[in-house]
Amino acid sequence: MSTESAPAPQSGAAEDVKQGPRVAVSALTTNLREYGLIIALIVIMLFFQYTTSGTLFKPVNLSNLVQQNSFIIVMALGMLLVIVSGHIDLSVGSVAGFIGALAAMMMVIWPLGILSNPLVVSIVCLIVGALIGAAQGYWIAYHRIPSFIVTLAGMLIFRGICQALLGGGSSVGPLPDSFKALSSGFIPDMIGPLTLIPPTVNAAGKTILGSGLTLHMTTIVLGLIAVLAYAYFGLRARRKRERHGYEAEPFPLFVIKTLVGSALALFLVFQFASYRGLPVVLLVMGVLISLFVFVTKRMTIGRRIYAMGGNAKAAQLSGINTERLTLMVFINMGVLSALGGLIIAARLGQAVPAAGLGSELDVIAAVFIGGA
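Letter by letter, the sequence shown follows residues 4 to 375 in the numbering used here.
Since the hints were made in silico from the structure, they are not lab data. For each residue, glycine too, the CB sits at the ideal point set by N, CA and C. Errors might be hidden in some of the hints.
Unchecked claim - Restraint ranges, calculated between C-beta atoms of paired labels, are given here:
(1) F297 / M220: 46 to 56 Å
(2) R147 / G322: 14 to 24 Å
(3) Q166 / Y249: 50 to 60 Å
(4) M193 / S119: 22 to 32 Å
Throw the hints in and build the complete structure from the sequences for me.
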């Protein structure tokens, strides 16, 4: 008498691979809210790439886009925690404008000796931003005044102080080149350039601008490291979820996401490398994004912020000091608003009264469109 043994159950990843694209499409439609925005963004970029006859994705244009909009991303990182915790900050644009004006006054107008050094000025401005965030967070956390009211008052107050510092409608500048490098500078090529196509020389013996192809190799190396890290940590996180019995996205969808994300990243890296390399402000953004991903996903304080935003009363009853946590969230927002103000001033090369005007709406929109 023979007995038939039951087939061994297949692992989740093996089953996903067997199902193939059908599983990926099903998961994509199920998570349409998450991936729909990404697909829409890609469609919009391709549309403008076509209508601008290829100008959108040119290396110089990509660098300009990063440098012009980096302050929005920087402040959106802080706004993410503010909104997740159940609050809002309407003062970020005015605080950024005020900090830019303060930095310009310290470096150009006021003779403060070593305090006029761009590095010292930047540190002082970040501290001032932290104090502004602490002042607003104090009223919100410990006196239960709605954040909408407190930060609306802050928006008006700091816009007025910015106008007063700059004497109404005048600008203050030019700012030192070492300070402007924060927004308009590029990382140096410590490895050395690689010339793939020699530049063309005209009859007069002068190099034709834009001809040839030389790569910024430091940018290439940093980009490859970033892409490998992205793939490694993504796979590691997926395996960890499976190991602890949590539901993970289908393996084909994970592979598609990783390949598409890596391809887009490598394309951008190549474009930057074929111009002047990575903008300094993009490196700053990358460090900040990595830090905030670590804080929100791997640290207790990040999970507590999410818990507080989900149900503040339950979080308080579970032992979380919601007042102190709210204060810390607004201090963080103040520091990043100050950094955004420094980036704006560095980009313009001067402080202007309208700096940061209306940018709070862009920052809030970036957070909500991003899925907060």
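Exercise. Kindly confirm whether 14 to 24 Å is satisfied by the beta carbon distance between R147 and G322.
Key: Given a distance of about 20 Å, which is inside 14 to 24 Å, the answer is holds.
Self-check item: Range agreement (Cβ of Y249 with Cβ of Q166, hint 50 to 60 Å)
Solution: The hint (50 to 60 Å, Cβ to Cβ) holds, given that Q166 and Y249 are roughly 52 Å apart.
Self-check item: C-beta pair M193, S119: status relative to the range 22 to 32 Å that was hinted
Solution: 30 Å, holds
Quiz prompt | Assessment of proposed distance window 46 to 56 Å (beta carbons of F297, M220) | solution = 28 Å, violated
Of the numbered hints stated above, the single one contradicted by the structure is hint 1.
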